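Protein chains in written order, with the working numbering: chain P, 1 to 227; chain Z, 1 to 227.
If you are wondering where the hints come from, they were derived from the structure by calculation, not from laboratory data. This structure is a prediction, so every number in the text was calculated from the model and none was measured.
In silico lysine-lysine, DSS-like type, Cα no more than 30 Å apart, as pairs:
hint: 1; chain 1: P; residue 1: Lys155; chain 2: P; residue 2: Lys209
hint: 2; chain 1: P; residue 1: Lys209; chain 2: Z; residue 2: Lys209
hint: 3; chain 1: Z; residue 1: Lys209; chain 2: Z; residue 2: Lys155
hint: 4; chain 1: P; residue 1: Lys155; chain 2: P; residue 2: Lys112
hint: 5; chain 1: Z; residue 1: Lys209; chain 2: P; residue 2: Lys112
hint: 6; chain 1: Z; residue 1: Lys209; chain 2: Z; residue 2: Lys112
hint: 7; chain 1: P; residue 1: Lys155; chain 2: Z; residue 2: Lys155
hint: 8; chain 1: Z; residue 1: Lys155; chain 2: P; residue 2: Lys209
hint: 9; chain 1: Z; residue 1: Lys209; chain 2: P; residue 2: Lys155
hint: 10; chain 1: Z; residue 1: Lys112; chain 2: P; residue 2: Lys209
hint: 11; chain 1: Z; residue 1: Lys112; chain 2: Z; residue 2: Lys155
hint: 12; chain 1: P; residue 1: Lys112; chain 2: P; residue 2: Lys209
There are 2 protein chains.
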Amino acid sequence: MNSAIIVAAGRGTRMGPNVDKLFLEIGGIPIVGHTWQRFDGVAEIDEILIVTREDLRPAFEELAIELDVQLPWRLVLGGAARQDSVANGLDALAPATEIVAIQDGARPCTTKALIRATMDAARESGAAVAAMRVTDTVKESADGRTIARHLDREKLWAVQTPQTFRVSIIRRALATARERGLVLTDDTAACELIGQPVRLVESATPNPKVTVPADLPYVELLLREQG
Amino acid sequence: MNSAIIVAAGRGTRMGPNVDKLFLEIGGIPIVGHTWQRFDGVAEIDEILIVTREDLRPAFEELAIELDVQLPWRLVLGGAARQDSVANGLDALAPATEIVAIQDGARPCTTKALIRATMDAARESGAAVAAMRVTDTVKESADGRTIARHLDREKLWAVQTPQTFRVSIIRRALATARERGLVLTDDTAACELIGQPVRLVESATPNPKVTVPADLPYVELLLREQG
Numbered sequence: 001m002n003s004a005i006i007v008a009a010g011r012g013t014r015m016g017p018n019v020d021k022l023f024l025e026i027g028g029i030p031i032v033g034h035t036w037q038r039f040d041g042v043a044e045i046d047e048i049l050i051v052t053r054e055d056l057r058p059a060f061e062e063l064a065i066e067l068d069v070q071l072p073w074r075l076v077l078g079g080a081a082r083q084d085s086v087a088n089g090l091d092a093l094a095p096a097t098e099i100v101a102i103q104d105g106a107r108p109c110t111t112k113a114l115i116r117a118t119m120d121a122a123r124e125s126g127a128a129v130a131a132m133r134v135t136d137t138v139k140e141s142a143d144g145r146t147i148a149r150h151l152d153r154e155k156l157w158a159v160q161t162p163q164t165f166r167v168s169i170i171r172r173a174l175a176t177a178r179e180r181g182l183v184l185t186d187d188t189a190a191c192e193l194i195g196q197p198v199r200l201v202e203s204a205t206p207n208p209k210v211t212v213p214a215d216l217p218y219v220e221l222l223l224r225e226q227g
Numbered sequence: 001m002n003s004a005i006i007v008a009a010g011r012g013t014r015m016g017p018n019v020d021k022l023f024l025e026i027g028g029i030p031i032v033g034h035t036w037q038r039f040d041g042v043a044e045i046d047e048i049l050i051v052t053r054e055d056l057r058p059a060f061e062e063l064a065i066e067l068d069v070q071l072p073w074r075l076v077l078g079g080a081a082r083q084d085s086v087a088n089g090l091d092a093l094a095p096a097t098e099i100v101a102i103q104d105g106a107r108p109c110t111t112k113a114l115i116r117a118t119m120d121a122a123r124e125s126g127a128a129v130a131a132m133r134v135t136d137t138v139k140e141s142a143d144g145r146t147i148a149r150h151l152d153r154e155k156l157w158a159v160q161t162p163q164t165f166r167v168s169i170i171r172r173a174l175a176t177a178r179e180r181g182l183v184l185t186d187d188t189a190a191c192e193l194i195g196q197p198v199r200l201v202e203s204a205t206p207n208p209k210v211t212v213p214a215d216l217p218y219v220e221l222l223l224r225e226q227g
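With the rest of the complex left out, here is chain P (with noise of 0.2 Å):
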């Protein structure tokens, strides 16, 4: 069995007061409904969690119908960080499931290949990422003035979500990283903390976060050329 887990709890503080980035609409579509729909798309999906908080219950109700999802779904309360949030949509999957994408709500141009392409690495390997080659140049400086060092580009990956797993690793990743007390970016991070390699998977296209007011006409950009 596999599941999807779209992470949707964050009140993105950059966008501003009061506003939920993740209902600001494209083409008459809250973001995270672009994400779901992308997900709901993808047969070998069995179930999607979304894990959000209690005042968004309704509107993910609301959403569901507008969209008229085709996969089953559940909502799933989320924590104060991301990893909490993680952590509750993992306790929160049925018991068969093998594999887990694990998906940014605020990420809705990931398309379904892209989908599919980290499950089979993860069912290979046992830990894959979306990820994109960094074509900018790229220093590094400790006091955000001056350059301290340059770092070789052609080594150099953005990673994005979908994060995908098999479920007993990351869950293993996971429990390591809260034992040890660590704070992580992302979930491919606590694989490193147990020696478990995660496999880059290229994206073919563009798969930015939306994280400031900013980002909508490009998202938007995208979404009209993904058609």
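Fit chain Z to the given chain P structure using the hints.
The following block gives chain Z in isolation, referenced to the frame of chain P:
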């Protein structure tokens, strides 16, 4: 005296055969024309050198008339690699030039405020570069297949252009690179060789380089937003 060098010599092979990306038009003006206009609007600049290929000379002469450029400008022949083109530009600078801003011709969204800010920083500290904080989670991979190392995003900056220098400093830095037979991807990397610190000047708005055809709609959107 302050000068700008616009590097416009590359063939942009990633754009496909027989396409000179610099002359792809956005809003009726070639990409390199937008770039030129930004520098043409900075009163503190005394002269603009455009480093390009012999076969593009007529196109640039026509463009100057079309754009009705105000600042004095000259064409300089480029070299085989970017580094050679920059060197040719530096060799051609007026002897009185103290500060030089080196710009990718294919980066048309660079604002006048950003150009000025890098000039001020270079005057103060010798070397400065336009840059943006990296918002993606970045991983290092040795083989391009699996993640080798997590990088601390807080310390990462994507550098752009202008890269702006006191002329004496960039000349010494590039001469050192040449002596050591190094091919560098950007001019600030040469400063590292001579122990010259490079100041980061944060771009307030996106400042991407047009590299593949898919970049065009995004850049068009940015130019429209900037007005």
